[in-house]
Every structure is written in structure tokens, then in C-alpha cells.
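Residue strings, one per chain:
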Amino acid sequence: SQTIHQWPATLVQPVGSPLSLECTVEGTSNPNLYWYRQAAGRGLQLLFYSVGIGQISSEVPQNLSASRPQDRQFILSSKKLLLSDSGFYLCAWDRGGAYNEQFFGPGTRLTVL
Amino acid sequence: AQKVTQAQTEISVVEKEDVTLDCVYETRDTTYYLFWYKQPPSGELVFLIRRNSFDEQNEISGRYSWNFQKSTSSFNFTITASQVVDSAVYFCALIGTGRRALTFGSGTRLQVQP
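Going line by line, the protein sequences match chains X and Y. Residue numbers for the first sequence follow the numbering used here, beginning at 94 and rising by one. Residue numbers for the second sequence follow the numbering used here, beginning at 2 and rising by one.
Bound-form chain X, shown alone (with noise of 0.2 Å):
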């Protein structure tokens, strides 16, 4: 069966530090990969995708960038973080090709201070 795994779970950081969030899918290969991020009480806003290694894909443009340097890991970093970066933040799965359900990981807590 296919796992997702992320880390860290909880992440304090200070304004102005790097970030660097890690998402590994095992069990399957060739798989679609997303970061999402979920402000508090809001719903979910896609930041990346990944269709194949080094094939990275941006929706919303800002101080976050994403690396596929393996087929099963994804990768979200920031060379300054802003107190806006604050937020849950979930890496997801899918088979490929079109419309298929993703399946999330357990999400990591950041907070910027």
C-alpha cells in the first residue's frame, strides 16, 4: 500500500529564516505530487505540482520554491521566510493522468514568528 510521509510535523521559525519541508511517497512510482497550503480557517490553496523529476509547476507566485530531485520526494523551501508563510502545509499524491483522487500526507504545522 502507498504511504506519504512528511516532515517536520510542527516547525517555529523566525522572520527571515530559511525553510526547508520534505514530503516522500512510498508504495507507488511515477506519481503526481502537490503542495498545499491552508491558512488558518481557510480552505486549501494549491502552491505547487510536480508531474516527473524536475518538472515543477507554480500556481501562486511568491517567496516559496519546490524541488522533485527523486520521483517520490517533494520538496518546499524559502530562502527568507515572511510572518504570511505561516500555515498548515500539506504535500498530496496522485497516480497520474486525469482526475484522480490525491491522497495527503499528515501536514506540517509552521509558524513564522
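Keep in mind that a hint or two might mislead.
Claimed, not checked - A short, non-exhaustive set of chain Y residues, derived as facing chain X with CB atoms under 8 Å:
(1) Gly44
(2) Leu46
(3) Phe48
(4) Arg51
(5) Phe92
(6) Arg101
(7) Ala102
(8) Leu103
(9) Gly106
(10) Ser107
(11) Gly108
Unchecked claim - Negatives, chain Y to chain X, calculated, CB over 10 Å:
(12) Ala2
(13) Glu57
(14) Phe69
(15) Thr73
(16) Asp87
What the hints assert, rightly or not - Far from chain X, some chain Y residues (derived; all Cβ distances over 12 Å):
(17) Ile12
(18) Ser13
(19) Val14
(20) Lys17
(21) Asp23
(22) Glu27
(23) Tyr65
(24) Ser66
(25) Ser75
(26) Thr79
(27) Ala82
(28) Val113
Rather than coming from a laboratory, the hints here were simulated on the basis of the structure. Using N, Cα and C, we set each Cβ at its ideal position, and we do this for glycine too.
With chain X held as given, fit chain Y onto it using these hints.
Here is chain Y on its own, set in the frame of chain X:
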């Protein structure tokens, strides 16, 4: 453009009551899929159901049922005989032709009181 509206921000019911969560969507795509996800307090989104735009047959899974009506662009979710464990935020989502990612509604927080 795609849009999903969940007008109910928060619903509170007493255990064993039935509750319906509303979802209204907008899309110009002729082929699309609709989804419901559950987000318990732990935060992880749990997939509940996927329905394509050509299948308006209602679906029942245990205490859960879904009513898809293209005429009103709605995909409502009913929990029968609610339980405390049903307390969560529920999200409706949509994906259309050629798109890569889901468009989510803002979610409905369901509180089931014992």
C-alpha cells in the same frame, strides 16, 4: 474558472441526528470530477468519494450518502445518525478537464455533540 462554494461555515448537531453538508460548484468544463474530503483535528485530509460529471447516481456508503445534481450544480453530503467521531472539517473539491489540481471549497466544520 472553477469555483466551489460551501456556504455552511459551521454546523453543530447532537449525536444521532442526520446532517447534510452543502456543496455548489461552478465550472465551464463538460467533464469534471467532484470530491469530498474529511479533515479531522489531526489535520490530515482523508479522501471520502470521487464522482464524475456523467454519473448522477446517488451513492451510499454506510452512514454516508452523496447527492449529485448537475441541474443545480450541487454535490451534497449527508451523514445519517451522526457520531462524535464525525466531528471534522469537510471539504468539497472539483477538478476539470486538463487541469492539474483540485479546487477546494472553504470547508464546513461539523461539530457532533454527545
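Checked hints:
1. Gly44: Holds - the Cβ of Gly44/Y comes within 8 Å of chain X, reaching about 5 Å at its closest.
2. Leu46: holds (4 Å)
3. Phe48: With a closest approach of 5 Å, the Phe48/Y hint holds.
4. Arg51: holds (5 Å)
5. Phe92: holds (7 Å)
6. Arg101: holds (5 Å)
7. Ala102: Where the cut-off is 8 Å and the nearest Cβ of chain X is about 5 Å from Ala102/Y, the hint holds.
8. Leu103: holds (6 Å)
9. Gly106: holds (6 Å)
10. Ser107: Holds, because the Cβ-Cβ distance from Ser107/Y to chain X comes to roughly 4 Å (cut-off 8 Å).
11. Gly108: holds (6 Å)
12. Ala2: Per Cβ check, Ala2/Y is outside 10 Å of chain X; nearest 13 Å; holds.
13. Glu57: holds (16 Å)
14. Phe69: holds (15 Å)
15. Thr73: The claim stands: Thr73/Y keeps its Cβ more than 10 Å from every Cβ of chain X (closest is about 22 Å).
16. Asp87: holds (19 Å)
17. Ile12: holds (15 Å)
18. Ser13: holds (16 Å)
19. Val14: holds (20 Å)
20. Lys17: With a cut-off of 12 Å, Lys17/Y remains clear of chain X, as the shortest Cβ separation is near 28 Å.
21. Asp23: holds (15 Å)
22. Glu27: holds (15 Å)
23. Tyr65: With a cut-off of 12 Å, Tyr65/Y remains clear of chain X, as the shortest Cβ separation is near 15 Å.
24. Ser66: Answer for Ser66/Y: holds, closest chain X Cβ roughly 18 Å.
25. Ser75: holds (18 Å)
26. Thr79: holds (20 Å)
27. Ala82: holds (26 Å)
28. Val113: holds (19 Å)
The structure meets every hint from the earlier list without exception.
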